[in-house]
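Sequence order for the protein chains is A and B.
Each number in this note's numbering corresponds to the 1-based position in the first sequence with 11 added.
Each number in this note's numbering corresponds to the 1-based position in the second sequence with 11 added.
Hints are computed from structural coordinates only; laboratory data are not their basis.
Be aware that a few hints might be false.
Chain copies aren't distinguished; within one or between two, either way the pair holds.
[As the list claims (entries may be wrong)] Taking lysine to aspartate or glutamate and the EDC-like style, the derived pairs with C-alpha atoms no more than 20 Å apart in a straight line are:
#	residue 1	residue 2
1	LYS13	GLU41
2	LYS188	ASP149
3	LYS13	ASP209
2 protein chains.
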Amino acid sequence: MKPLILITNDDGVTSRGLQHLVAIAQEYGEVVVMAPDHNASGVSTSITCTRPLRVNTVSQGEGVSIYSCDGTPADCVKMGLEHFCPRQPDLVLSGINYGSNASINIIYSGTIGAVLEACLNGCQAIGFSLLNHNPAADFDACTHTIRHILEHVLANPLPDFTALNVNIPRLPAEQIKGIRVCRQARAAWKDGLEKRTDPIGRPYWWMTGKFVCENPPIDSDEHLLAEGYVTVVPIRPDLTALHHLETIKSIEI
Amino acid sequence: MKPLILITNDDGVTSRGLQHLVAIAQEYGEVVVMAPDHNASGVSTSITCTRPLRVNTVSQGEGVSIYSCDGTPADCVKMGLEHFCPRQPDLVLSGINYGSNASINIIYSGTIGAVLEACLNGCQAIGFSLLNHNPAADFDACTHTIRHILEHVLANPLPDFTALNVNIPRLPAEQIKGIRVCRQARAAWKDGLEKRTDPIGRPYWWMTGKFVCENPPIDSDEHLLAEGYVTVVPIRPDLTALHHLETIKSIEI
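With these hints in hand, go ahead and build the complete structure from the sequences.
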């Protein structure tokens, strides 16, 4: 049986990044797309509990069915797995995202929220992001990388309860130096909310900010992306700081 | 100078759980509240990028200023830190949440989203949750636990880039056996989306599901909560599966 691949994203079902990923995935298996019907960037692993969800059939063709949903990327994964996939998928993919999901940005990312949701459901899951926000971004430069990673993961299953976060530098394919496994860098967003005043004198704030990542370690995604490598960070949906279980033990009573 | 304590939650500024936490925090310092003006449960570490944010002054009294914001808990932390706290707070607290944030539930939790946001900003941050969804929940049983934890953290700063996730069992104070540091349990939500049909025959789905956590390890939050302990899980906003960096190294090219 051909592999079954569920695909979602956070930029919405009409995204060129999603379409590019679908085209590549079709080379490897049967594809089901369940993606948000809107831009859901920045929604993290949100789920929709306060209203019901709707699903729209976008198209059904040979080897690929495309649906949109009015929920979050994590909602889309739940919906796809539970109601629209004929069986547990062999892979769940999310992306290709417009813009970086390196470093701490993954904590906000709807792309990665979908990956974590799939991982919690026992699926092999991979998020793909291209470091380019331009609507005309060249996704062709991602093709070789994505083919390699899909082939590798289909042949070598990921460790239990572990997913992959893949970031691709904004470079022509021939200038990408290779693929490196690494850790996420630590960073911060500074000056995150810009204050403005509306026409009748009341304040409001826009989310903005400056990404600050000084001297990222050489084994981190930010460093390796700047050096021209594709980065692959193994991620886990368990936030326990295992190395500090002993450190804080004195809080016990 | 008295400690400065920023408080938020995901149940909204009018929540009794928030009010209880504010009352305790006032014993230890000056309090600024910046909480959602609505119920923001399940929004994870979402941030609001597609519209501006507004802030409403709820009350300003001796040692406590209360504001609401139309954003997410993570937005509230950014807003509080950047525009409404007179200086970097000594503590950022989130809660008291109605219902468990143990195990994998923290991945969806707005309460914990706020804690992670504060941690990313270099603050000491603690999330508090009571295992009780009842609107009439008895938060008095949490008082002793919260006092102990606040006093401990004010006297013993948390490790760098580490926050605390505290869950309190639904028990009278005298039946709580103690406080235990532990790891989060692995679990799953099964049958997450219930399909219904609207009056004109179209399908829609409600988020629901059954929490499944079979035989949680004895050093996990789910086990210890069931045994009657308060659980304290040190958490970190870095998702790297450090123990699998070598495992997946063969993906490199």
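For each hint given before, does the structure comply? Return the numbers of the non-compliant ones in rising order.
Result: hint 3 breaks, nothing else.
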